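Number of protein chains: 2
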Amino acid sequence: MKASKFYFKTRKEVSQDEAAISAVLLTKANFIEKLTSGVYNFLPLGLRVIRKIEQIIREEMEAIGGQEILMALLNPRKNWEQTGRWDTFNALFKVQSKYGSWFALAPTHEEVITPMVKNFIHSYKDLPLYLFHISDKFRDEPRSKSGILRGREFIMKDLYSFHQDEKDLEKYYNRVKKAYQRIFRRCGLNALVVESSGGTFSRFSHEFQVVTPAGEDLFYHCRSCNLYRNKEIIKNTKKCPQCGGPLKELRGSEVGNIFKLKDKYSQSFDLKFRDKNGESKNVMMGCYGIGISRLLGVIVEANHDANGIIWPPEVAPFEYHLMGLLKGAKKEDEAIKRQVESLYEKMLKRGIEVFYDDRENVSSGEKLVEADLLGLPYRIIISEKSLKNHSFELKERKSQKVKMIKLKDFDKIIKGR
Amino acid sequence: MKASKFYFKTRKEVSQDEAAISAVLLTKANFIEKLTSGVYNFLPLGLRVIRKIEQIIREEMEAIGGQEILMALLNPRKNWEQTGRWDTFNALFKVQSKYGSWFALAPTHEEVITPMVKNFIHSYKDLPLYLFHISDKFRDEPRSKSGILRGREFIMKDLYSFHQDEKDLEKYYNRVKKAYQRIFRRCGLNALVVESSGGTFSRFSHEFQVVTPAGEDLFYHCRSCNLYRNKEIIKNTKKCPQCGGPLKELRGSEVGNIFKLKDKYSQSFDLKFRDKNGESKNVMMGCYGIGISRLLGVIVEANHDANGIIWPPEVAPFEYHLMGLLKGAKKEDEAIKRQVESLYEKMLKRGIEVFYDDRENVSSGEKLVEADLLGLPYRIIISEKSLKNHSFELKERKSQKVKMIKLKDFDKIIKGR
Numbered sequence: 001m002k003a004s005k006f007y008f009k010t011r012k013e014v015s016q017d018e019a020a021i022s023a024v025l026l027t028k029a030n031f032i033e034k035l036t037s038g039v040y041n042f043l044p045l046g047l048r049v050i051r052k053i054e055q056i057i058r059e060e061m062e063a064i065g066g067q068e069i070l071m072a073l074l075n076p077r078k079n080w081e082q083t084g085r086w087d088t089f090n091a092l093f094k095v096q097s098k099y100g101s102w103f104a105l106a107p108t109h110e111e112v113i114t115p116m117v118k119n120f121i122h123s124y125k126d127l128p129l130y131l132f133h134i135s136d137k138f139r140d141e142p143r144s145k146s147g148i149l150r151g152r153e154f155i156m157k158d159l160y161s162f163h164q165d166e167k168d169l170e171k172y173y174n175r176v177k178k179a180y181q182r183i184f185r186r187c188g189l190n191a192l193v194v195e196s197s198g199g200t201f202s203r204f205s206h207e208f209q210v211v212t213p214a215g216e217d218l219f220y221h222c223r224s225c226n227l228y229r230n231k232e233i234i235k236n237t238k239k240c241p242q243c244g245g246p247l248k249e250l251r252g253s254e255v256g257n258i259f260k261l262k263d264k265y266s267q268s269f270d271l272k273f274r275d276k277n278g279e280s281k282n283v284m285m286g287c288y289g290i291g292i293s294r295l296l297g298v299i300v301e302a303n304h305d306a307n308g309i310i311w312p313p314e315v316a317p318f319e320y321h322l323m324g325l326l327k328g329a330k331k332e333d334e335a336i337k338r339q340v341e342s343l344y345e346k347m348l349k350r351g352i353e354v355f356y357d358d359r360e361n362v363s364s365g366e367k368l369v370e371a372d373l374l375g376l377p378y379r380i381i382i383s384e385k386s387l388k389n390h391s392f393e394l395k396e397r398k399s400q401k402v403k404m405i406k407l408k409d410f411d412k413i414i415k416g417r
Numbered sequence: 001m002k003a004s005k006f007y008f009k010t011r012k013e014v015s016q017d018e019a020a021i022s023a024v025l026l027t028k029a030n031f032i033e034k035l036t037s038g039v040y041n042f043l044p045l046g047l048r049v050i051r052k053i054e055q056i057i058r059e060e061m062e063a064i065g066g067q068e069i070l071m072a073l074l075n076p077r078k079n080w081e082q083t084g085r086w087d088t089f090n091a092l093f094k095v096q097s098k099y100g101s102w103f104a105l106a107p108t109h110e111e112v113i114t115p116m117v118k119n120f121i122h123s124y125k126d127l128p129l130y131l132f133h134i135s136d137k138f139r140d141e142p143r144s145k146s147g148i149l150r151g152r153e154f155i156m157k158d159l160y161s162f163h164q165d166e167k168d169l170e171k172y173y174n175r176v177k178k179a180y181q182r183i184f185r186r187c188g189l190n191a192l193v194v195e196s197s198g199g200t201f202s203r204f205s206h207e208f209q210v211v212t213p214a215g216e217d218l219f220y221h222c223r224s225c226n227l228y229r230n231k232e233i234i235k236n237t238k239k240c241p242q243c244g245g246p247l248k249e250l251r252g253s254e255v256g257n258i259f260k261l262k263d264k265y266s267q268s269f270d271l272k273f274r275d276k277n278g279e280s281k282n283v284m285m286g287c288y289g290i291g292i293s294r295l296l297g298v299i300v301e302a303n304h305d306a307n308g309i310i311w312p313p314e315v316a317p318f319e320y321h322l323m324g325l326l327k328g329a330k331k332e333d334e335a336i337k338r339q340v341e342s343l344y345e346k347m348l349k350r351g352i353e354v355f356y357d358d359r360e361n362v363s364s365g366e367k368l369v370e371a372d373l374l375g376l377p378y379r380i381i382i383s384e385k386s387l388k389n390h391s392f393e394l395k396e397r398k399s400q401k402v403k404m405i406k407l408k409d410f411d412k413i414i415k416g417r
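Top line first, the protein sequences correspond to chains V and A. Under our numbering, the letters of the first sequence match residues 1 to 417, in that order. Under our numbering, the letters of the second sequence match residues 1 to 417, in that order.
Read the hints as simulated data drawn from the structure, not as lab findings. There could be a bad hint or two in this list.
Same chains, same names: a pair is fine if it fits in one copy or spans any two.
Cross-link-like lysine-lysine pairs, in silico, BS3-like; alpha carbons within 30 Å at most [as the list claims (entries may be wrong)]:
| no. | residue 1 | residue 2 |
| --- | --- | --- |
| 1 | Lys52 | Lys5 |
| 2 | Lys231 | Lys177 |
| 3 | Lys415 | Lys349 |
| 4 | Lys5 | Lys178 |
| 5 | Lys78 | Lys98 |
| 6 | Lys412 | Lys98 |
Quantities reported herein were computed from a predicted structural model and do not represent experimental measurements.
Build out the structure end to end from the sequences listed, making use of the hints.
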């Protein structure tokens, strides 16, 4: 992609409202733009990252048998009344049609999926069933300063599982736990599995927490027995409830959670199946969420330095940042540009995702600053000096290490797909 | 994909509310499920088609320079007041936060994109610019019986273009017109370009109409000069306004529209640029929409027979439907199943999209009926008879033509990607 043809213009100033470093960096680097408090637009660079996160999640959900669906966001009031959450779900946006009927704007989808699968699940032969969807969600949060870490509108992946009994639910719950760990690792995050409240029916649910100073959650870690537990359900913050060892307080951002619903929603919607003996039983359910737009923010919270973002390779909007270091001397600059163009064409042919900063009206100094801000994993630079040595510079954004590489070795070093 | 592992169960009965044949067939064949009037969930089969339509649109938008973004659905009231449409946009859903502020649920995105690009467009060097997005939209329609042809919540692609002058807008408008014709052709539709009202500023806009009995729009065609014009803007329905020839009335479903906005929204949001002479001028805009979930419905309206859907190849959820015709005799059935499994493995290896109906509890007769309903382009059947001839049956859904093909010729006939 050529920068001159791309919606790309970094910003020096960001609204004072933005307190979270992720929102500041993502706004400056042209990934997102705030529409109003808690509501963001995704610009071409930001959408590329969102799509990569979605693809990682999709692959891992399909690997554990998940089938993708897409559920509606306008939810009929009666579905939410049937579970009692029309009145009790605190952050529910409610909207009335001018023709009378009321809708909830979906903040989660138990009220849609549970009655939906009644057309599908009749016998034990129809179980287990795993359905996931990726879409917008809405929560009427008080004004916050967390940027995209906590939005009123956000992108989320929900997975719902349906089982014959608690044992099968437990088995799948543990498979999802492992799939989630793979997802966060691929996104460049070290997510800790933290015990949290299980609600009415289960002892625990689990949250996936990434340690960051901007995190909204507090949790505790015991080094002796490696317990992680959320502050909400720990009674004594001095001693580990499991082994009595000392506890360390940590601050984190939640990127996912998994929850055994058991038959809470099956009861509300009378979702039953006939077991092997012909007996009618409630279906057991689990639900598993990942906040995708939040993940975009947490990745930046956990991967940046004073100069900008440092994208983990698998979610970077492009893998390479390519540019010529121009001197202002016409003849030399032309030679550099020709060489850069030729590398660009080569990379495109091989299917390498490359962002080529070919802009004419921006100085090389500014381009270098913007490249650090943008934070692509690798940078390839041709300068007058490198060209004299028949070489290019290859810089890794994370380590800041620079290697001089002979142009004739380009094919060996820079591999396509 | 094996049917036994897939969310797949056809239905015999569909709610009497569904009047449109597309909604009836798509519900029976397990592509969509109605949540409430005008609001649908997309099941795995339906979502596969939606994704294919989206991918066709994405490719054609990128081919004419479009860059993809994703804009928010919760729109601040003030943006809609600034254009005057908070009060005048008839189908606007309005929702109030419990913390006081009001939002519109986006039915279209001029109110978001115009102020957004003010951070990007300053000089003529930043123009032209083409941005598109694919997402949900909301319109508070009266209850209708059109199924997914007219929803309260629907999936739409919007493209917005920004130009220095009307001439450049006109040029791009015509490029989009051609791109739209390619999109609809790839979706298996013959979409007619119909002149319709241009609003306050332009003489005409253009709609893309597919002739169907379920269509909500009336338009006229003159065979002498090949004019197509919408009923709304034709005064005399007897005579062609262009050549005086006789007019034929047609009924159609609109699948897209393109519109020159000129500086209507640039004025509202003071979107200006400096031209080559340093003069400040209003940016010229165009907007171009395609209803994606509606398109799913129109494709079915235009491609079905008494037995079910007939998917155009490029948007079919799978290309091949594979099954064995079992007789109930154990030994013979085992031989058939082994052969079908082996073909299935071959097809998977080659990246062919195949739906293998391996269900044990469904009779072959039912499976054949369901295959017609589902409507995949090609069906491969192994029967006792075909196996004796070392052959398989290849049936084209559209023509219903059957060929017997030798198993040894499989590799020649069935090609992967």
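Checked hints:
no., hint, result
1, Lys52 <-> Lys5, "both (22 Å within a copy, 26 Å between copies)"
2, Lys231 <-> Lys177, "within (21 Å within a copy, 58 Å between copies)"
3, Lys415 <-> Lys349, "both (11 Å within a copy, 25 Å between copies)"
4, Lys5 <-> Lys178, "between (41 Å within a copy, 22 Å between copies)"
5, Lys78 <-> Lys98, "both (17 Å within a copy, 20 Å between copies)"
6, Lys412 <-> Lys98, "neither (65 Å within a copy, 60 Å between copies)"
In this structure, the one hint that does not hold is number 6.
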